[in-house]
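> Here's the letter readout for the chains.
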Amino acid sequence: MSKMTLKTEGDKYVVVTRRFAASPEAVYRAHTEPELIQKWMLGPDGWTMPVCINEAKPGGKIRYEWSNGKGAGFYLTGEFLELKPYSRIVHVERMHLPDLTPDNHIETRFESDGAGTLMTMRMTLPDAQTRAAMLATGMESGMEASYARLEQVIQAGCGL
Amino acid sequence: MKLDNAFSALADPTRRAILARLAKGEATVMELAKPFQMTQPAISQHLKVLEDAGLVVQRVEGTKRPRRLAKAGVEAMDRWLAMLRKALEKNYGRLDEVLAGMEPKKKRGEKP
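For the protein sequence lines, the chains are U and W, in the order given. Per the working numbering, residue 1 is the first one in the first sequence, and the count goes up by one each step. Per the working numbering, residue 1 is the first one in the second sequence, and the count goes up by one each step.
It should be emphasised that the hints constitute simulated quantities derived from the structure, not laboratory data. We put the beta carbon where it would ideally sit given N, CA and C, even for glycine. Any given hint might turn out to be false.
Stated by the list, open to error - Part of the chain U face toward chain W, derived, beta carbon under 10 angstroms:
hint : residue
1    : 7
2    : 16
3    : 21
4    : 26
5    : 29
6    : 125
What the hints assert, rightly or not - Calculated pairs, DSS-like style, for lysine-lysine (alpha carbon to alpha carbon, straight line, at most 27 angstroms):
hint : chain 1 : residue 1 : chain 2 : residue 2
7    : W       : 86        : U       : 3
8    : U       : 7         : W       : 86
9    : U       : 12        : W       : 64
10   : U       : 70        : W       : 86
11   : W       : 90        : U       : 70
12   : W       : 90        : U       : 3
13   : W       : 24        : W       : 48
14   : W       : 48        : U       : 12
15   : W       : 24        : W       : 34
16   : U       : 84        : U       : 57
17   : W       : 48        : U       : 7
18   : U       : 70        : U       : 84
19   : W       : 90        : W       : 64
20   : U       : 3         : U       : 84
21   : W       : 34        : W       : 64
22   : U       : 12        : U       : 61
23   : W       : 90        : U       : 7
24   : U       : 12        : U       : 84
25   : U       : 7         : U       : 84
26   : W       : 64        : W       : 24
27   : U       : 61        : W       : 90
28   : W       : 86        : W       : 64
29   : U       : 12        : W       : 86
Kindly generate the complete structure, drawing on both the sequences and the hints.
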């Protein structure tokens, strides 16, 4: 049984649901408190998040920096639009690779579900052009490196 | 191919059928219109949605514009979604542990 579902909604969105064995308050806090975020929003093994700024208030800034400890790294910046403790977060974010990716608008909901929490995250799908550009880069300069980079984007971009 | 997952373009049964037809080889609008018993403008409309989604491409052959599947577009989408899933599962697996560590105490988790 998979705890997570992932599906596209129209050609613009991806909707992800995931159940957690913890209260909505705990899951919400794990998305807004830097010392908690740094423990899990890491992507592949071996990566860390040495910088985690998360000003959980409307207009508050987000800045996450990842490092693999071997000189590779990238970062994400964003802003909070709406927060309703402990049930809803709306924010925008974009990656710096260092080239900027288009803004990703993300709504995350936390609902009581039995003894746990059902989290629903609705995010922007990169448009066909962006995906094609990513892929084209990969095909010309080596699939492996590009997919590794793409994987970083996704891992980082989808933590919230 | 798990096309159902990929785009809203695929939510429409006619467009899915068009893709299934194109998966067997390229076809012109006229060739596509016949089995679907639809007018050419209606087919063209569907093709435009599929082209905008990066799923179908056309080439020029004299006066014809045969369409075919844009494999890269479909694969890029599937690949992107697969990586997204993998990345999230990894992160959330870690988050489960973080939550297990913080929940009983109702305060900031000190241990992973």
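> For every hint, state whether the structure bears it out.
Now for the hints, and whether the structure bears them out:
At a threshold of 10 angstroms, the smallest CB-CB gap from residue 7 of chain U to chain W is about 7 angstroms, leaving the interface hint in force. The criterion of a C-beta within 10 angstroms of any C-beta in chain W is met by residue 16 of chain U, whose closest approach is roughly 6 angstroms, and the hint holds. Using the Cβ-Cβ criterion of 10 angstroms, the hint placing residue 21 of chain U at the interface with chain W is satisfied: the shortest such distance is roughly 7 angstroms. Because the closest C-beta pair between residue 26 of chain U and chain W is about 5 angstroms apart, less than 10 angstroms, the hint holds.
The beta carbon of residue 29 of chain U is positioned within 10 angstroms of a beta carbon in chain W (closest approach about 8 angstroms), and the interface hint is therefore held. A least Cβ separation of about 8 angstroms between residue 125 of chain U and chain W falls short of the 10 angstroms threshold, and the interface hint therefore holds. Among the hinted pairs, residue 86 of chain W with residue 3 of chain U is consistent with the structure: their alpha-carbon atoms are about 13 angstroms apart, no more than 27 angstroms. Only pairs whose Cα atoms come within 27 angstroms are accepted, and residue 7 of chain U paired with residue 86 of chain W is accepted, the gap being roughly 13 angstroms.
This hinted pair does not check out: residue 12 of chain U and residue 64 of chain W have alpha carbons roughly 32 angstroms apart, beyond 27 angstroms. The straight-line distance between the Cα atoms of residue 70 of chain U and residue 86 of chain W is roughly 23 angstroms, inside the 27 angstroms bound, and the hint therefore holds. About 21 angstroms separates the Cα atoms of residue 90 of chain W and residue 70 of chain U, which keeps this hinted pair within 27 angstroms; it holds. Between residue 90 of chain W and residue 3 of chain U, the direct Cα distance comes to roughly 12 angstroms. Compliance with the 27 angstroms bound is thereby established for this hinted pair.
Restraint check: the Cα-Cα separation between residue 24 of chain W and residue 48 of chain W comes to about 19 angstroms, which is no more than 27 angstroms; the hinted pair holds. Of the pairs offered as hints, the one joining residue 48 of chain W and residue 12 of chain U holds, with about 16 angstroms between alpha carbons and a cut-off of 27 angstroms not exceeded. Restraint check: the Cα-Cα separation between residue 24 of chain W and residue 34 of chain W comes to about 16 angstroms, which is no more than 27 angstroms; the hinted pair holds. A C-alpha spacing of about 9 angstroms is found between residue 84 of chain U and residue 57 of chain U, which places the hinted pair at or below 27 angstroms, so the restraint holds.
Restraint check: the Cα-Cα separation between residue 48 of chain W and residue 7 of chain U comes to about 23 angstroms, which is no more than 27 angstroms; the hinted pair holds. Restraint check: the Cα-Cα separation between residue 70 of chain U and residue 84 of chain U comes to about 38 angstroms, which exceeds 27 angstroms; the hinted pair is violated. Taken as a hint, the residue 90 of chain W and residue 64 of chain W pair is broken in the structure, with Cα atoms around 48 angstroms apart against an allowance of 27 angstroms. Between residue 3 of chain U and residue 84 of chain U the CA atoms are separated by roughly 24 angstroms; this keeps the pair inside 27 angstroms, and the hint holds.
Taking the CA atoms of residue 34 of chain W and residue 64 of chain W, the gap is about 16 angstroms. The hint holds against a cut of 27 angstroms. Annotation: proposed proximity of residue 12 of chain U to residue 61 of chain U holds, straight-line Cα distance about 25 angstroms (limit 27 angstroms). This hinted pair checks out: residue 90 of chain W and residue 7 of chain U have alpha carbons roughly 17 angstroms apart, not beyond 27 angstroms. Among the hinted pairs, residue 12 of chain U with residue 84 of chain U is consistent with the structure: their alpha-carbon atoms are about 25 angstroms apart, no more than 27 angstroms.
For the suggested pair residue 7 of chain U and residue 84 of chain U, the alpha carbons sit about 25 angstroms apart, so the restraint of at most 27 angstroms is met. Only pairs whose Cα atoms come within 27 angstroms are accepted, and residue 64 of chain W paired with residue 24 of chain W is accepted, the gap being roughly 18 angstroms. Of the supplied pair hints, the one linking residue 61 of chain U and residue 90 of chain W holds, its CA atoms being roughly 25 angstroms apart against a limit of 27 angstroms. Taken as a hint, the residue 86 of chain W and residue 64 of chain W pair is broken in the structure, with Cα atoms around 42 angstroms apart against an allowance of 27 angstroms.
A C-alpha spacing of about 20 angstroms is found between residue 12 of chain U and residue 86 of chain W, which places the hinted pair at or below 27 angstroms, so the restraint holds.
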